[in-house]
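Participant: Below are the chains, spelled out letter by letter.
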Amino acid sequence: MAAGYGWVQSSAIRAGEFLFVSGVVATDPERGERLHGTLTSEAHRAFGNLRLVLEAAGSSLEQLVQVRAMIYDRIEYDALNRVYRQYVSKGPPARTVWSVRIIDAFKVQLDAIALV
Amino acid sequence: MPLDRKVIEPRNEKLNVSRNFNLPHSPGIRAGDFIFLSGMLSTDPDTGERSPGTMAHETRQTLTNMRHLLESAGSSLERVVKINVLIYDMLEFENMNAVFKQFFPVDPPARTTCGVQLSAGMKIEIECIALAG
Chain S
1 MAAGYGWVQS SAIRAGEFLF VSGVVATDPE RGERLHGTLT SEAHRAFGNL RLVLEAAGSS
61 LEQLVQVRAM IYDRIEYDAL NRVYRQYVSK GPPARTVWSV RIIDAFKVQL DAIALV
Chain Y
1 MPLDRKVIEP RNEKLNVSRN FNLPHSPGIR AGDFIFLSGM LSTDPDTGER SPGTMAHETR
61 QTLTNMRHLL ESAGSSLERV VKINVLIYDM LEFENMNAVF KQFFPVDPPA RTTCGVQLSA
121 GMKIEIECIA LAG
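Chains S and Y supply the protein sequences, listed in that same order.
Residue 1 is where the first sequence starts when you use this note's numbering, and the numbers rise one by one after that.
Residue 1 is where the second sequence starts when you use this note's numbering, and the numbers rise one by one after that.
There's no promise every hint is true.
What the hints assert, rightly or not - With a straight-line cut-off of 27 angstroms between C-alpha atoms, the simulated DSS-like cross-links for lysine-lysine are:
hint: 1; chain 1: Y; residue 1: K82; chain 2: S; residue 2: K90
hint: 2; chain 1: S; residue 1: K90; chain 2: Y; residue 2: K6
hint: 3; chain 1: Y; residue 1: K14; chain 2: S; residue 2: K90
hint: 4; chain 1: Y; residue 1: K82; chain 2: Y; residue 2: K101
As the list claims (entries may be wrong) - The following residues of chain S were derived to be distant from chain Y, with all beta-carbon distances above 12 angstroms:
hint: 5; residue: G6
hint: 6; residue: A12
hint: 7; residue: I13
hint: 8; residue: D28
hint: 9; residue: P29
hint: 10; residue: E30
hint: 11; residue: R31
hint: 12; residue: E33
hint: 13; residue: R34
hint: 14; residue: T38
hint: 15; residue: L52
hint: 16; residue: P92
hint: 17; residue: V97
hint: 18; residue: S99
hint: 19; residue: D104
Rather than coming from a laboratory, the hints here were simulated on the basis of the structure.
Here a beta-carbon is modelled for each residue, glycine too, at the ideal position from N, C-alpha and C.
Sequences are here, hints too, so could you generate the full structure?
Facilitator: Shown next as structure tokens:
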């Protein structure tokens, strides 16, 4: 997904039993178009893309171990959580929410480590 | 055969912030030989409430709680390999660092420090990856 923008990164790297995933944002998985929207819409798309990357590598959302969920403004913390809990299972991954500036003015970016 | 994935929790239930505040994450996950912790804020171990204060106070309380959580899972601060420190203002870096040094006197872990917005007016949040016991 990232390659189309000239970003110098792999979608993910597998090392042993671990998968290290690059920050995932709300891009269209077919066309690569940036799908800016609300925090809620971007979070749904980012989780959809994260699932695609994980499953392409033989992992899944259930096998996430640690997530850095980045949001553009702390005021959206509860909005993030409402979407977030729909995608993580019982025994959810360790997580830290980082309120930071995100590339291309996206509102959400998910940085993850998973088991394969 | 995939590696085991197991939720880890602090022995002191007052420090199980994700459960007590109904947040969608676990205190930590053990996966294979590693332990991955969620970001931790300064929490009072007797009441489970947030314990805001100076940067020195919050840093000390957060690392004390992190030690407790790691030890609850058979690990320790000495086994931390990577730590991310988020603080509300980089001007406070030295105030954080002075306390941090007391918890990691020799061979400290790899560390990244960033200035970010934090929840509820707290001054510091810390997450880490450690070797399991």
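Participant: All hints, please: hold or fail.
Facilitator: Okay, the hints, checked on the actual structure:
Distance check on the hinted pair: K82 (chain Y) and K90 (chain S) sit about 26 angstroms apart at the alpha-carbon level, within 27 angstroms; holds. Under the criterion of a C-alpha separation no larger than 27 angstroms, the hint pairing K90 (chain S) with K6 (chain Y) is consistent with the structure, at around 11 angstroms. Taking the CA atoms of K14 (chain Y) and K90 (chain S), the gap is near 20 angstroms; set against the 27 angstroms cutoff, the hint holds. A hinted pair counts as satisfied when its Cα atoms are at most 27 angstroms apart, and K82 (chain Y) with K101 (chain Y) qualifies at roughly 15 angstroms.
The non-interface label for G6 (chain S) is consistent with chain Y: the shortest C-beta to C-beta separation is roughly 25 angstroms, beyond 12 angstroms. A cut-off of 12 angstroms between C-beta atoms confirms that A12 (chain S) is not in contact with chain Y; the least separation is 16 angstroms. Non-interface status of I13 (chain S) relative to chain Y is upheld: no Cβ of that chain comes within 12 angstroms, the nearest being about 16 angstroms off. Non-interface call for D28 (chain S) relative to chain Y: holds, since the shortest CB-CB distance, roughly 26 angstroms, exceeds 12 angstroms.
For P29 (chain S), the condition that its CB be more than 12 angstroms from all CB atoms of chain Y holds, with the nearest at approximately 24 angstroms. With a cut of 12 angstroms on Cβ distances, E30 (chain S) stays outside the contact zone with chain Y, its closest approach being about 29 angstroms. Remark: the non-interface label on R31 (chain S) is consistent with the geometry, its nearest Cβ contact in chain Y lying 30 angstroms away (cut-off 12 angstroms). The Cβ of E33 (chain S) sits about 29 angstroms from the closest Cβ of chain Y, beyond the 12 angstroms cut-off, so the non-interface label holds.
No beta-carbon of chain Y is positioned within 12 angstroms of the beta-carbon of R34 (chain S); the least distance is around 23 angstroms. Once the 12 angstroms rule is applied to beta carbons, T38 (chain S) is consistent with being away from chain Y; the minimum gap is 19 angstroms. With a minimum CB-CB distance of about 20 angstroms to chain Y, L52 (chain S) clears the 12 angstroms threshold, and the non-interface call stands. The claim that P92 (chain S) is not at the interface with chain Y is violated, since a C-beta of that chain comes within 12 angstroms of its own (minimum 5 angstroms).
Taking the minimum C-beta to C-beta distance to chain Y, about 7 angstroms, the non-interface status of V97 (chain S) is violated against the 12 angstroms cut. Under the 12 angstroms C-beta cut-off, the non-interface status given to S99 (chain S) relative to chain Y is violated; the minimum distance is some 4 angstroms. With a closest Cβ-Cβ approach of about 19 angstroms to chain Y, D104 (chain S) is found to remain outside the 12 angstroms limit, as its non-interface label requires.
Hints 16, 17 and 18 from the earlier list are contradicted by this structure; the remaining hints agree with it.
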